[in-house]
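Given chain S, put chain V with the ligand in place with the hints provided.
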Amino acid sequence: MKHTLSVLVKNHYGVLSHVSGLFTRRGYNIDSLSVGETDNPEESIITLVVDEEPHMVLQIEKQLYKLVDVISIEDLTKKESLQRELVILTVKTSKDKRHEILGLVDVFKATIVDMTDSAIMIEMSSNPRRIDTFIRVFSEYTILKMARTGTIALEFPSSKLENTKK
Amino acid sequence: MSKEKKDSKLSNNIEKNGARIMIDTLLENNIEVCWGYPGGAILPFYDALMHSKLKHYLVRHEQGAVHAAQGYARATGKLGVCITTSGPGATNIMTGLADAKMDSTPVLAVTGQVACADIGSDAFQEVDTYGMTIPITKYNALLKSADDVARVTKEAITIALSGRPGTSLIDFPKDVQVGLSTNYKNIKMRIPDYHFKNPPIEGDVDKLISAINKAEKPVLYVGGGAITSNAYNEIKELAEKAQIPVVSTLMGLGAFAGNHELSLGMLGMHGTAYANKAVMECDLIIALGARFDDRVAGNTSDFAKKAIKAQIDIDPAEIDKRVFVDIYISANLKEALKKINPHIKKKTSGSWVSFIQKLKKENPLKFDLGKGEIKPQYFLHELYKKTKGDAVIVTDVGQHQMWSAQYYPVKHPRQFITSGGLGTMGYGLPAAIGAKIGVGEKPVILISGDGSIQMNIQELATAKMHHIPVKIVIFNNGFLGMVRQWQELFFEKRFSHSIMGYNPNFIKIAEAYDLKAKRIIKKDEIEEGLNFLLENNDACILEVKIPCAEKVYPMIPAGAKYESIIDYEHDNSKGNLFTVVPNNP
Ligand SMILES: Cc1ncc(C[n+]2csc(CCOP(=O)(O)OP(=O)(O)O)c2C)c(N)n1
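Protein chains in written order, with the numbering used here: chain S, 150 to 315; chain V, 29 to 613.
So here's chain S without its partners, still in its complex pose:
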């Protein structure tokens, strides 16, 4: 099962190596990792999506806690949270296909960023599931290039689900 862990860390030299090193060393499966500063420039949030059994996720959390730079960890799977990814892709197009593609962009409420006679660049941010669907639909055409971020996530202020782990 997929778990989204939000790891608050000290924002300094080497912290990402420590976190990613832990995953390679202990052989944990990691789907995505994204890192960025918080409102406090001394702290960052690393959002990890891991695909492991619940007891393994608990083990991962406990191992992460042992890293000196880790301040706190939340398993957002146990909470109601907003999850977002961003995808940018360039699809091959031609005059007769263009209309169709623009229609799909509209359906997904995605954004056209650039366009030539032969290619369209589209961006979309959404939850990981919708991003997957979006990519699947556009792979019917020729995707020339694509880049996708990992998930970032935050708990809703109104979240009622309890987090069981401190």
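Note that these hints are calculated values from the structure, not bench results. Relax, there's no trap hidden among the hints.
Taking lysine-lysine and the DSS-like style, the derived pairs with C-alpha atoms no more than 25 Å apart in a straight line are:
hint : chain 1 : residue 1 : chain 2 : residue 2
1    : V       : 235       : S       : 211
2    : S       : 211       : V       : 349
3    : S       : 227       : V       : 349
4    : V       : 129       : S       : 211
5    : V       : 216       : S       : 215
6    : V       : 337       : S       : 211
7    : S       : 215       : V       : 106
8    : V       : 225       : S       : 159
9    : V       : 213       : S       : 159
10   : S       : 159       : V       : 172
11   : S       : 215       : V       : 349
12   : V       : 216       : S       : 159
13   : V       : 129       : S       : 215
14   : V       : 225       : S       : 211
Only chain V with the ligand this time, still in chain S's reference frame:
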């Protein structure tokens, strides 16, 4: 900042260089000794060291420095410190750091590094020490400014010693060693305090109390954490009060006296048959600072399968890691037991304890005493008697290590010093040197093999130069004995590259280092050999020739169930059976 503080800062804090600040910070934190080896990138540090109060022992290889620091730490519970230069100096301590991390030994390594401006340029003797040590340290840092030296040093010391102890490494660029700063007084650490404050007691305390009070066949399974947390009195109290037999891991030996009638000695792959049988039969097993590793619980589904499993560990990540437990407490072991013990009902020894005593009598450690040759087991048994079981035993890795664990059942914590988790050949001699410096008067005896001793034999010079009287026993079987044993048992006697064909003359080696040495070959020379060993005031070597086919029994093959245990009978010897229940000597 208050005016007062500002004034004191201005008047008191003279500028010091980074090297000086680090040495002063170490001294302020009660660190008195270190081991090391100089080189270009650490020279400013060595310059500041020269007239400081920090005592430095020059080793002959950096691996010796880190193992000596480990031996000292294991013998005393204090921090072991080692100093090396950059590049090869740093890479030479990797094995020791990995070893110390595995065995939760508090060690701080300080490594020289090329100047900050040169980092990343493949400068002379540059390696990415920080990156390389991430998986084998609990804390590591690359210093960038002399202003950070005091804080980082304090953090490194604190983290290495706190909670489940471990390794810290500070990579110290040359320019930072000479850089000046006034920032070294009343320094605050910048790490969340749960990393170093004593953790609260969390988990199922009441459940464990009632499980102990209800259990009919309980066993305590004691590991290295019991020694780290100084929980011996509490363990003894619990064992005696509720009449619970105690099995120990290799790392836990000494946490509970090996000669106590409730002691079953070591469990696991080379544990006593009765320790392993007790674990098979028990209805409650309580892991005290032990981690169900594969040399103990080789087959996790077979391990203590009739028992409720409970675990107390300061590292929550050890709980449910290899074996799922029914009851857990994450806490400092000593404090958890202090809370538990008063609620334990006093029991008189009943059928379980008498069953255990019967197991011991029926399944003692045994070997063929042979004719006139020296059996290592017998030698160790005699050594035990001669030293009244009070010597500090340090070992290398191999058969001799397992025989030592079996036939020298130590009585006190910190009396058995060995490389457990990593199994590092070459650990022994430097670790014995460090241990001897730590324990003072008590005799320190290294039990090594002809293979292991050659992995750090250069440290004989360190022992000689600094007058460190370690007593070295080399069991010479002309083989990498433990490898030979596996090849005999599991590879149909194909002894691929395990024969030590060109062993040096160890007596001449000792003489070359100006040390005394003696070789014994026959059983009736043991007495004389032991006298030589124990009466010498300087470091000395006793070479003991032993038969190469001798094996460590019992043995539960890796990953196997208890039933596949192989014992002495496997060798079909028709000889002269000698049995020992070492914990009832
Ligand atoms: C550095 C290192 N290399 C290899 C091994 C694998 N190994 C384990 S025991 C052993 C043989 C040890 O031989 P010796 O020191 O003579 O001791 P004996 O087993 O003969 O008592 C070897 C090679 C190891 N543990 N450590």
